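**Q** Single-letter residue listing:
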Amino acid sequence: MIITKMALPRRTFLRGMGVCLALPLLDSMIPALTAMAKTPANPVYRYGFFYLPNGVAMNHTGVDFWKPTTTGADFEFSRILKPLEAFRDQLSVVSGLHHRSAESLGDGNGDHTRGTGTWLTGAHIKRTEGSDLRAGISADQVIAQQYGKETSLPSLELAILPNAVTGGCDTGYSCAYGTTVSWSSPTTPLPTQSSPRLVFEQLFGDGGPASQQLADLRKKNSILDSAADELASLQAKLGASDRSKVSEYLDSLREVERRIQRAEVNNAQSPLPDYERPGLGVPERFDDHVKLMFDLQCLAYQGDVTRVSSFMFGKELSARMFPEIGLSEQHHSMSHHGDNPANLEKYAKLCTWQSELFSYLLDKMRATPDGDGNLLDHSLLLYGAGLSNGNIHSHIDMPTALIGGARGFKGNRHIAAPMGTPFSNLLLSLVNHSGIESESFGDSTARFDLDDVPRPPTSKG
Amino acid sequence: MKVSSGGLFLATAILAGTVAVSTTSSSQAPAAPVAAARAVTRAPRPAPATTTSAPALPSKAFVDRYCVTCHNERSKTGGLALDGLDITNVASHAVEWEKVVLKLRAGLMPPAGMPRPDKATIDGFRASLEAALDHAAEGRPNPGRTEPFHRLNRTEYQNAVRDLLLLDIDASSMLPTDEVSYGFDNIAGVLKLSPLLAERYLSAAQKIARRALGTPGPVGGDLFRISDQLDQDVRLEGMPVGTRGGTLVRYLAPRDGEYVIKSRLARGLDEDIPQFLGDQHLEISVDGEQLKVFTLAGVAPDATLNVERQVYQAPKAQGERARADVNDQPAQANARGDKVLGRRSLDEDWIVRVPLTAGVHQIRATFLRKTSAVPEGFRRPFLKPYIGRGIEDARETREGASLRTLEIMGPFNPAEATESPSYRRVFTCRPAKPSEETACAKTIVSTLARRAYRRSVTDADVNVLLDFYKKGRTDGSFEQGIEFALQRLLVSPSFLFRTEFDPSPVVAAPSGQSSRSADAPPGAYRISDESLASRLSFFLWSSIPDDELLDLAIERKLSNPVVLEQQVRRMLKDQRSQALVKNFAGQWLYLRKLPDIVPDPFLFPDHGDTLRLAFERETELFFDSILRENRPALELLTANYTFINERLAAHYDIPNVRGVHFRRVTLPQDNPRRGLLGHGSVLSVTAFPNRTSPVVRGKWILDNLLGAPPPEPPPNVPALPENGDKVTKVLTMRQRVEEHRKNPACASCHKLMDPLGFALENFDAVGKYRTYDEDFQPIDSNGVYADGTKIDGVAGLRQVLVKHSDSFLINLTNKLMIYALGRGVEHYDAPAVRTILRDAARQEYRFQAFIVGIVKSAAFQTRRSES
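Heads up: the protein sequence lines correspond to chains A and B, in order. Going by the working numbering, the first residue of the first sequence is number 411, and it counts up by one from there. Going by the working numbering, the first residue of the second sequence is number 200, and it counts up by one from there.
Just so you know, these hints were derived from the structure itself, not from any lab. Just so we're clear, the structure is a prediction, and the values are computed from it rather than from any experiment. Be aware that one or more of the hints could be misleading.
Stated by the list, open to error - Listed next, the in silico DSSO-like pairs over lysine-lysine satisfying Cα-Cα at most 30 Å (straight line):
1) K298/B x K275/B
2) K647/A x K641/B
3) K701/A x K298/B
4) K641/B x K559/A
5) K641/B x K670/B
6) K756/B x K647/A
7) K989/B x K1002/B
Unchecked claim - Footprint (simulated), chain B over chain A, 3 or more residues, beta carbon under 8 Å:
8) 473-486
9) 530-536
10) 610-616
11) 734-744
Just so it is clear, CB atoms sit at the ideal spot from N, CA and C, and this is done for glycine as well.
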């Protein structure tokens, strides 16, 4: 018999309406988490990256349910983006971008996997299943490494993934390339989480009375410290090249130590109440699952637990079906629409639904007061995919939209960049937008002007 | 067709001719790989004639004549160019030549339509190429280098906790999913330690330590969710006769105390409890003793039921009422007086409070079966309980009520003293007075650390843990001291990682270590007995070594070949080797994909969890029988038996099988269910939700059974046209696929894949046998394999695979090797794999011969040192 075991919260975890979480805890919890209070004079900005698998419903020969048909201000919302129209003033669509590094470049098939691996890294990923995984540091992580130091979590990586990945990854590529868009170094993919309960614990601890929590944190801290010493002594037994791999592990332990110390300080200053937690199971409906993850993401932003996050609506090649909206075909199969109008129609239905779910997060963020405005005012979110036309595995004219009002970002625009503008130019500009002065990112050739109609691409140097 | 044991020996004989097995060599000790490899070069081979010393050079003329037309520097077909390679020195391009061996062995090259010599010539060339490659490797075998740090994956972590503390945990509720490479989730190179994981390990350690020692944490409980797709109209395995559905939970009560058991019934999509004919009784019992029976009042047969539910009622005059939605029902009283809207709370107080002692209890909730048959005219339209089409369809066809969840919360009012199995396991001593405490704590943590770290413990190991014990003891009881030490132990890198270090030059020379290093290949060294014990236990059990294995390792007796083989056989007999079935076969054969397979509910209304679980169970029991009964591995393809229960028998059209338990049945000669290719599991994981895919099935066979993956498709291939799109003419699946193959770029590979898949066309997308396809066209399961052999249906396909059994067996060895070593198999492993195959041939290719062969291989016992 199939039984799924889940730990049970003392009471049921309720999903909030309009704000991140309508739990009694929040009023008391938020001040605690925002001990380093942000004030209207000193707003905090958030960056979010939202990934759609298998491309969107379009082809390159006339059908495009993503790209608006008119450009500039007051553009006409496309079918897929229509659910986001309520955010027009803070939403700009960018078209014409090409993610060249996701192309084969002699590596054969694997466009799905490269789509994921290249999306935020702008790197051509190494084709391997071994320990020599290599992509590039991703844009979210460049930002996280700069601003994450101020929060207890530098970044949060979430995804809606199946419980087990078996087969079904692109030949020659480790499945690890396909299950995250975030890389903290060119060799370190950051695992994503799909369990709402585990995310909640990661954000807010394991629960229990405040005194217990504080005691637990102290215990964990001393355990970590000792475990890190032990790891360092084991590392010393290794030769030079192996040693570097273990350094990464040591860094992980030190990073957690830092987080715990931070949580300890926050907790001591203003103890957390014993709050309710989500059940351990993963919601069975896709929309329930996505919304719960968005609740948590919004909560993490609101409480300033983290300022950077990435989210995958699913993985490439996904076999998931969506009976919730009457689609009994697999996601990946649907993306290979074969230019058949009926198939494109079905796929557009799914893509539009994803935008509807995304609007749930935007709604929440807009309804959540933050400093002198709301969360959305102080955020910049990238919404897009690793493939444009999934049917032919195209990386040309990537579906891309930017939403939010951080640092005066302007919406209500469809910026039609010259076809072929490197996607990495946009990544570079996002990194710059966060205040980091880089000259290049991935395979960028120039900055993408986020404020105005872009200049034509120029070659670097 | 002949797939009896006689046929098997025939296959063995064919193989023996090509891979050179001589009866004389079987008298030799199973010796080092080097010796075995030499034996090959001496062995008879059909053609060309062999020399006694160095093998004859493979024929350049063969390559020039049959290969380079396509595989040359200019066209590089399939990414392979052979014209520039020096065939007199195969070692310099072993990667390329191993590819050639692979394709020739599987009979895939030269492809149909190209000049092709007879089989003897191909086999002769291939044998000479293999001999040359093996000969080259003899001088400098490369055992490969496993990662120095190999993190336990989630399954291994869970099993390690089970074996260390006698504690069942659900690691999937504590740790994130592991990454997969080479088709398995235990590959060291991608099992990294991220901050996220480090944090989870810390948190898990705390929960586990508390649970093992019964320290009350935050009050909580467990929720057991029963799948909506599970048929609860029948008796389930492990349940008493006269019951149906429900669930059986092995619940670990961490401590003596009171526990609360709450049951919730399944709801319709409107979240109301449906109405049923007759009263529904749910019985709650603990350890077989009835605690309580809850009753949901039913409705009399003449009462008004929702339209969809009353199959027996007179049809409505007009069709327009036929799909009345339950949500449209006004909140009116029905015949029994229940408010319709009140139905969702009918089971609100289905709660039992019961005192439990610490330890594992069997908690059961099941429905009492009505004695009478279902009312006349009421027919169960489908075996699957629900066929919903999401939000738009609230159809419901259950016979009776179903259970949705069982919640167990506690302990309330926990007792002070506690005696759970974990507690007894940990507290190997109990201090009678405070002065004995430190000594006792030392005994406890030393014992735990030895098992958890899988080696003899050092003073440093013990002192670290004792420090934590002392810190815990200062703030609390003796138990709390131990708990803190246990928490520390569970995040120790020595527990979480299997570590293998190169011997330092100073240490390597003296003592017994040097003598054992002597038989390691140059540039490599023999791993320690303790490392060997871990490799063995994680390979066969996905867990830590038990005391017997660990003792032998610490006494340095394990590397003795006789002892080693005894241990392998012992471990395979142990129940823990079930892990090989779950984790190896589960991933190799894609059984883990079964939960994700959701066939179109309107095309396959019978498919649900009952069937899905039966598929899984069948293949697991089957693989288990081959493994444990040590049957020839080829029986995986040809066996004349399988394991079924009533549900699966109905699916397979096998008569006279009654009841939910699985039993072995012998399959007649002409039964299509013989071997893995007839299993519903394999057939359904290789299909699309709405139809079969001969291409996917063909590719699966090449990838997972023959180990010869086809080259990748060219980019941007348009999808197959679905039948609904073509109004003019209904095309059969074959015609549609053949359409596809008109393109020469596609044809070259599809000619290899498709005939394999077409041979299975008699099985639909859920593995049911059929003679007409989904468009009512007769099935044509004929085809021609790449080597020209005609294939007719599944029987013919089995014959082709048996004919290429060496490909099947080498592939099986490769997969086992990847799984055993936690790394990819490289070209330099091929000679060792061939050695394992030759040794297995002397044991009729029995399954355990492959396992023993891997364990005895240089790759398993030695390791290349750094630099």
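**Q** Taking the earlier hints as the rules, which of them does this structure contradict?
**A** 3, 4, 8, 9
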